[in-house]
Structure formats: structure tokens, C-alpha cells
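Novice: As a plain string of letters, each chain reads:
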Amino acid sequence: MNDKFLYQLCEEPEPEFANSLRQKLSQPPYTKLVQDAKERLFISRYFTTKRMVLVLVALSLAFALTLFVSPAVRAAVIDIIETIIIKGMTVWVSDDVSAVRGESETYSVIWTPVSPGDISTNYPDFAKLPTWVPFGYVLQDRAALFGSMIQENPDSVLFEWKNKYGDIIQLTVSEGSCPNGQVWESGERRSDCMYGFYFSVDSENQPEVITIDEQAAILFHDLQILMDLSDPIQQWNPYRGKYDNRDPEAFFLIWESDGMRFEIATKSQTISKRDLIRFAESIP
Amino acid sequence: MISQIDILQAFRSMRQPVDWSVVYESELPRVYNYFLYKVCNRELAEDLTATTFERAWTTRSKYNSILASPATWLFGIARNVLRENFRRDKAIENKIEPIQDNEHLPSAIDVEQSFQELQDKVLLQNLLLELPEREHDLVALKYGGGLSNREIAKATGFSESNVGSILHRTVTNLQRKWDERHE
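Taken in sequence, the protein lines are chains A and B.
The working numbering puts the first sequence at residues 1 to 284.
The working numbering puts the second sequence at residues 1001 to 1183.
Simulated from the structure, these hints should not be mistaken for lab results.
Hints may be right or wrong, so weigh each one.
What the hints assert, rightly or not - The list that follows gives simulated cross-link-like pairs (lysine-lysine, BS3-like), each with its CA atoms no further than 30 Å apart:
1) K267/A x K164/A
2) K24/A x K1177/B
3) K128/A x K24/A
4) K162/A x K1121/B
5) K1121/B x K164/A
6) K162/A x K273/A
Just chain B, with the same shape it has in the complex:
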């Protein structure tokens, strides 16, 4: 439901043109990390991020600030891009492999710590990839994209309380599995 306050705020923002270079700088890492959490593969995340921004830039003249913030709008496009790519090429699912941090090899001094960090990352990626689609998406939006529950609700269509409860349940389960596998 749209409240009067939302509409007044939207009108105010409508008067100010969007600075797309600022949007690019602020949203690129968030969109990239959203994809990284979804596909757990840097190369694929970069491709999907580029596609999202190219599409957004092509259609940005149609962006309507009364209906969504640039972030919500971008994440809407990002989710579509992801779905379309999965639909178009089911094999893309098989291409998903956890990140290999080869390019950031640890020095001799902190080998043990870096190895543990790498192991933790791989474990987290595996836990994410085991999640059901809906839960995986919400976790990626929250922890990768850095969206608030309210922004996630706007981007996904779930109610804010629904987002909160799904995330709480999912994170609790993830935490339990994380602890189990660390023992």
C-alpha cells in the first residue's frame, strides 16, 4: 500500500534528477556481490553484473523514482537477468563452481590463517548453493546486496515481516550447519 509520506517523498525525489554515476559507484559492488552470493563464481558474477547495468543504462530513461529507488529498480533487473540466464541456459547451473582464490595466494607467514579463510569461504559457498531458491535469493540480497528487509520486500514482493522470518529461519539453519561442519 502506498502511504502519503511515501508519495510526498517520491515527489521530492522526482524533482531531483538521478545522478547515474553515483548510482553506478554505489550499486556496482552491491549488485556484483548479490550475484557472487547467488552463483559463487566471480567470472559469472561479473558477466551478470555487466548485463544488469547495460540493461539498466539502456532503459534508465524510463526509470520512475516514484515507484522505486534506483537500488530496488536495479535489483529488480538483476533478478530478472539471473532468471533469464538460468532459463536460457540450464547448463549454466552446472557451470557454477565455488570461487577459487588462486589469484590471492597466501604468503608463507600467514599460510594457516589464509588456508582457514579459504576453507571457510568454500564451506559458506557450499551451504549457500544447498539452499532452496527462495531462501538463497533472500540471503544473497541481504548479505551480498546489502539490502534492508524493507528493500528486499520491495524487490521481491514478499511482505517485510515475511522476509524477516524467512531470513531468520534460514540464517539460524545456516549457522547450525556452519557450526556442525566446523566441529
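Only chain A is shown next, with the shape it has when bound in the complex:
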């Protein structure tokens, strides 16, 4: 493979540009932050403790050899530096920038394949289908029902839309309304949660807080949380979900309304934020 022709655009940055940027970076605020950080590093036992915890976690991972650096592990050492609260929605922001980005994992739960029609007939409370979908997307015949088999009602359902290019939109409608965990900021446990849902996000790439029908919603860029519904139908079906916070084509939107939790996950090159909001706002 002859690829020499591909190098011909390479060039050195203009010295004037390189020098002026270097000069800029050598002045406050760019120097001050590092100095502060160094001081903190040496005087704060907290930082030492944090580093030791990270080392221990990393060693554990090395011995386990089979583990990814999962959000769950991260949650154990996460350092919460900021909390955003708008209209009751809470996002915990961590300063662990590099730690959060660039990780992915898959996991399994049990789900039951059903059709959207079945959900409308048998579980109308969960049949929250949008009245608008982006052009070209078709509601798939296979939806998913989640919940204990001994429960009469599910606690969550999932609908899926696809277009001819394989782009995906998934809408999950769940009972319970604690999208950011079962604990209030004060540390008090919430009583209105079926189950919790935690996100740790980094301070550099904070999610947006937007509104959907005047409800606060959290929009994550580059975060893929998709379920694979293509497995053959069996009595018990593994649910193979995928979590990946590196996918630039993915969005994840979550909000609560009337005691229900809504999650929209997309993987598409064409869906915009505006589409996503329009899709969400058309849910009755």
C-alpha cells in the first residue's frame, strides 16, 4: 500500500502562531491552575488518599484481568466536585476527567420480547409512543418488557425505531422517577424510587440540562447506551446492552415526568439535538 501521497499536507505550524500560543499558555490562568494543583497535591492528604485508592483499584483490575474499568468501579473512587440541580434533576460532576472518558462495557439482564401492540393493549401506562419521529425511522415489531417474572406488571418497556441505514432510536419508559440515583443531595434516601440510575460525568464534558415540556432533562453527548434486541426469542432472553461513552454518533437523553422515567438513546449520524427534543416532546 503506497500511502506517501497522504503525508504531503503535513506542515509545521507557523512560528508566529506557535510562539504566541506558547506565550499565552505560560501566563495565568494557565499556569496558576497547575501551581494550585501541585500545592494541593502536596498539602492535601485527600489527594494522596485518592491516588492510593486508584492504585488499589488498578491493582485489583490487574489481578482480575478480566475486568474492564467499569462505571461501577469508578463510582467507588469518584470525586464529586460539583452538583448541578435544576428543577429537581441532579447531575454529579466529577473532576476525574480521563477516568470517565473512554470506557465501555456490556452487561446482561432478562427481558421478554413483545410487540408494541401488546404493550398498548396490556400495559397502556407504558405505551408512551411519540407522535413524531425523524424521517425514515420505522417502529420495530420487537419491543422489550423488563421486570420480575413474578410481577404482574413490568417496570420498564423499550421501543425501537430504525432506518434503512441501521441508525437506531430507542425509547425506554420506566416506572419510578429517580434518574440520578436514590439519594438526595443531602444524603437522604428517596422514597419514590423503584430503582436508581447513576451517572458520573466529567467536568470537561458535562451533560447539558435542557427542558422537555418544561421538565428538566439531561442530555449526554457521545454516550451510547443501546440494547441489542436481535437475539432469537426464547423463554428467557439475555439482554445485551452496551454502554460506551466514546461514541460521537450517540446521544442519551433522560428525564422524568408524572412519576415515569423516559430515556432516549440514539446512534445515528443524522439525528440532531433538535430532532431529539422534538421526538421527546411529542410523547404524550
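Knowing the structure of chain A, use the given hints to seat chain B on it.
Specialist: For chain B alone, kept in the frame of chain A given last:
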């Protein structure tokens, strides 16, 4: 997956403070060229490079060498900066124009050769701008940023073999088009 060797190496590097002036000198041309390959416009590439380094310098106290090399970390920021700028201002796409080498006008002696070089550059820019986003990004990281397939895999989240096969396919296609347009 993290291997024991990776972690031991990371621990060793953790003990040594990062010399950010060295990082600046070594990574500035790579980040700049990555953007140049992405946007094919010097002014825009400089702006995006400056934004990347300013953001990196602001947050470098949080840089964790156990998780990524400074280069991988910087390119992660660079890709975010690019995406954010494209999202914030879709019109930026329309601002992209191939580089015009006006400031490097050829002398009378080598007019023909310089003209051919300029034509080649413009052709390559056009071929790059025609690529799908994913392929364009990988080519820019490889040939502009000078990253190895492994580094690209770390920065993008693709597997190393996936990076290799996508790049191979893309470069083969580019080469074919390059040859066709030269005939």
C-alpha cells in the same frame, strides 16, 4: 482490557511529573496537522489547535497518566473541540475551504513543479473532504496527527484491528481515486 504490564508502566510514569513544555513542543505540530487534515484550512486549524491547548492546559492538573499518554489525552480533547465547534456552528462546515498557498508563491525557476505540488495538495484536500466522517477522522489522526494504530484505537475507542482495516480500506480507495484523477 488493562494488562499488568500496562499498569506497571503506568505506575512508573505516574512517578515522573509530566514536562508540559516538552508535551507542547512535541504535540503542537501533531495536533495542528490533525486539524489541518480535518478542516483543510490553516486559520481554522490554528484556532482549533489553540482552543485544544488552552483547554488542556486549564485541566492538565487532572491529567492522569495511568489512563492515557499525554498525546492520547490531547487528541481526545482535540476531537471534542472539533465536534463541539461543528455542533455549535454548523456553518463552520461551509467555512471549510482548501488551503490556498498564496503566501508561498513559487519562484520563476520551479513554477511548474510548485504548481504541480499545489494542485496535488488541493486534490488531496478535496479527496479528504469527500470522505465519510469516521474515515476522515482516522486518516487525519494517522497522517496528520502521526498516531499509531494503537494510539488511534485508544483515542477513538475502536479496536486496533478495526482501525487497521478501516484505514487500509480507506487508503486503498484514496489511492485509486488519486491515481484516477492524475491520469
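Novice: Hints first: check each against the structure and report whether it holds.
Specialist: Hint-by-hint comparison with the structure:
1. Distance restraint check for K267/A and K164/A: the Cα-Cα separation of roughly 13 Å lies within the 30 Å cut-off, and the hinted pair is therefore satisfied.
2. For a cut-off of 30 Å, the pair hint linking K24/A to K1177/B is broken: about 42 Å separates their Cα positions.
3. Among the hinted pairs, K128/A with K24/A is inconsistent with the structure: their alpha-carbon atoms are about 53 Å apart, more than 30 Å.
4. A C-alpha spacing of about 40 Å is found between K162/A and K1121/B, which places the hinted pair above 30 Å, so the restraint is violated.
5. A hinted pair counts as satisfied when its Cα atoms are at most 30 Å apart, and K1121/B with K164/A does not qualify at roughly 36 Å.
6. Of the pairs offered as hints, the one joining K162/A and K273/A holds, with about 17 Å between alpha carbons and a cut-off of 30 Å not exceeded.
Hint check: violations occur at hints 2, 3, 4, 5; the rest are consistent with the structure.
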